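Trainee: What follows is each chain in one-letter form.
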Amino acid sequence: MSDIGDVGIGLAEGVIRGIDEAAQRSERRARLLLHAGRIALLVVSLAAWQYFGPRLGQIVASSPIDVFRALVDLARSGALARDLATTLEEVLLGYLVGAGAGVVCGAVLASSDLLAGLLDPFIIAVYGIPKIALGPLLVVWFGINLAPKVALAALMTFFLVFFSTYQGMRNVDPDTVNAVRLMGASPLQLRRYVIFPGARASIFLGLKLGVPEALVGAIVGEFVSSSRGIGYAIQYATAQLDTAGVFAGLLVLTILSLTLNALVNRASKNSGASR
Amino acid sequence: MTLPDVAPPDQGYRLPAPVLAPAISLIGVSKYFYKRGNRITALSDVSLHIARGAFVSIVGPSGCGKSTVLDLIVGSEKPSIGTIHCDTERVEGLRVGTGYLTQRDTLLPWRTVEQNVRLPLDIQTRGLDRLRGRRTDPVAAARVAWAINLVGLTGFEHHLPDELSGGMRKRAALAQTLVYAGETVLMDEPFGALDFQMRLLMQAELLQIWSTERRTIVFVTHDIEEAIVLSDEVVIMSRRPGRVRDIVPIDLPRPRDPVTARFAPRFHELYQRIWSQLDPPENAPPGAPARAALPAGATPS
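Which chain is which? The protein sequence lines are C and Y, in order.
For the first sequence, counting from 1, position 133 maps to 133 in the numbering used here; every step adds exactly one.
Offset between the second sequence (1-based) and the numbering used here: plus 1000.
One or more of the hints may lead you astray.
Stated by the list, open to error - Covered by chain C, per the in silico footprint, the following chain Y stretches (three or more residues, Cβ under 8 Å): (1) 1108-1122; (2) 1221-1233.
As the list claims (entries may be wrong) - Residues of chain Y clear of chain C, computed beta-carbon distances all greater than 12 Å: (3) G1075; (4) R1104; (5) V1139; (6) G1167; (7) S1211; (8) Q1277.
To be verified - Using C-beta positions, here's what the derived DEER-type ranges look like: (9) Y:F1196 - C:P197: 45 to 51 Å; (10) C:N145 - Y:H1159: 52 to 58 Å; (11) C:A201 - Y:E1213: 34 to 40 Å.
No lab work stands behind these hints: they were computed from the structure.
Note that the structure is predicted; figures quoted are calculated from it, not measured.
Positions of the beta carbon are idealized from the N, C-alpha and C atoms, including for glycine.
Here chain Y stands alone, though its shape is the one from the complex:
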């Protein structure tokens, strides 16, 4: 699982031995944004290899370019330097079919849950198939029902998004993603807006779905605990300009329960290792310690 072994920039790049072609590769990627003529380096020389079927989280202080990594993988942004491959193809433009779940869900408010989940299939049905009546297409109907069932929304098919709670909307968005997404699903703090209990619930559900589906998931979060309990690997990014500081393999046994996994002594060791490398956010008050202090209780006893 731990393919990447990124050499310091001055030594050039060593690609890991191709045991299995990684699902996603970023090689020497830098990304600049320009604001009123000033160059802002969002990512600096990031190399990252994500194995097929792996669950990889990216953590880092806000503004470190975590989300930019996802935008680059999906192809909605172009790297200023470097190359990105996804499923052995070079990413050169929007990669249709990549699942992308964001913190703000993008359900269409005038469509019911069922219609929202079905939307990708409606879109993919073109020309003659459409005339033949997609509403009665049994394959599409089964797929929609499967996804809705998978996220536990059976019985809420005909509700509008506004009539659902935050957690249920998130589930509906997840079902929609499962319907259209191919191998790769990107998630940008998908549970950030949920309350703590609901977040735990959604984490458990996501793990459950992932373990049966085995798609490659790249999960951006600022929540270290969430990253540890979910992932095979946690990528730690430094603050701007974003670099990969460390990649921590998570060797907690699977299948995991996201609640009880937090009680394992190993969890605390991993937590400490990640925490100790995490930069404080950019707008930290002056005089704050260079490295964020370890919270009480995070040290293994």
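If we strip away everything but chain C, and leave its shape as in the complex, we get:
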């Protein structure tokens, strides 16, 4: 925090430092206030839920304390670990398969005008189907175990990643592509030096948005038919009119989603920094 220009005005060094510090202080205070506000909002919401929940009826709204108890019970019985592991496996497998296939297919299609033109209407048509409507069909095709959930999660992820990869590679500036071709770049080098780096932001956006999609796919897959998993636990609790159990499941899903998101964020940052 030093600026030669200010010295010319004739202000004492100490005065300027004082101004700098005041600016920093007010910035820090604004940040602190924001955090405090968020925590207050959370506390007030939980308190309101605790107060009004039981008055609305235990089955309708439950209460934070009951949800916490349900969560502890689930953890003690070992059901939580089992369900979490199951859902995590479905999500991760589905995500990897879907994202991998999405990047590959997007890259292939973006590289071939012929293929892109040929397949365009079909892709749009398939994209228009709500993927979760395929859940029952996937059970018929893949049985009732892990496979249909992985397939649904993969399908959900695939389209997002596929489109973001395709668009990202297509939107790379054609002038830049031409300029690099003039330097003598082969098609492979064009991809390596220009098209993939240029599309990276778009591809990573797709990968990021694909995480919650994979989660949706796995949970809906479990709703359709399953004997374990967080989705199963939620459905089971609903059938038992155990609203606290439902919320406990939702809470676990929220944490799972946040964790996966943080992981992808870190991966995208790392790849951006290392170029």
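Assemble the complex: chain C is given as a structure, and chain Y must be docked to it using the hints.
Mentor: Chain Y only, in chain C's frame:
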């Protein structure tokens, strides 16, 4: 320098006597584009010969096909009629190694200045040479440093393009072009996006580099002053369909300073000669004079 002597189309073409094979020849070139089934004639019967090592500018109203001429020379577009030769070879597809500097620079935003300037060398290093470690290749490193020094960017090697001003980005793009370009460098309004002062500076720098390098430069611009102070010849193109209206040899002495060259009486004569032949742009308001009026002060006293 003034080889071309283009006969009217109905008399056929007379090639100039081959004193020295021109670096670039366009012979009877027409270029059509098709838009929803309609033919649009971008260039009509253009013949042009550009001598090796010459600095030739092409001026004309916007949409007259100036840029199309460059695209044809570089081979990214094919002529509908006619032939193009570049370094005695017929142009039949993209001519790798032709320098091409455009108004929008094409630096890769994730590469530093040094990495951008080095890009053409990275691309040209293939197979085993690559495994041997191009990062330590002293010849490449020297070439990159030379180009960066030539355009005055020493000290900014490790900046990203986004951290540079417009003029500096232009310099970096120029350095990149100098690293890979062979004999011919094409420029399409390269300084169009720069402010006036920066443009003068870049013109001076370009002349300086050209006078030591002596590559053939074809320079497209709509700025007549820029064309005069830089060039050996100015090609005036008519508005669409683009034809060569006149080729004006610029006999201002060299070496030139692009600022003071503008004060020479001869500059004003040349300016007037070019201006008087320049068509108004296509979207000129109705009722505007057929020929653009001469701006005040452009006439020699």
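Trainee: Now, for every hint given, state plainly whether the structure supports it.
Mentor: Tested hints:
1. 1108-1122: holds (count 5)
2. 1221-1233: violated (count 0)
3. G1075: 9 Å, violated
4. R1104: Nearest chain C Cβ is 6 Å from Y:R1104, so the label is violated.
5. V1139: Y:V1139 clear of chain C: closest Cβ-Cβ about 17 Å, beyond 12 Å.
6. G1167: The claim stands: Y:G1167 keeps its Cβ more than 12 Å from every Cβ of chain C (closest is about 19 Å).
7. S1211: 24 Å, holds
8. Q1277: 31 Å, holds
9. Y:F1196 - C:P197: 45 to 51 Å: Given about 35 Å between the Cβ atoms, the range is violated.
10. C:N145 - Y:H1159: 52 to 58 Å: Since C:N145 and Y:H1159 have Cβ atoms about 56 Å apart, the given range 52 to 58 Å holds.
11. C:A201 - Y:E1213: 34 to 40 Å: 37 Å, holds
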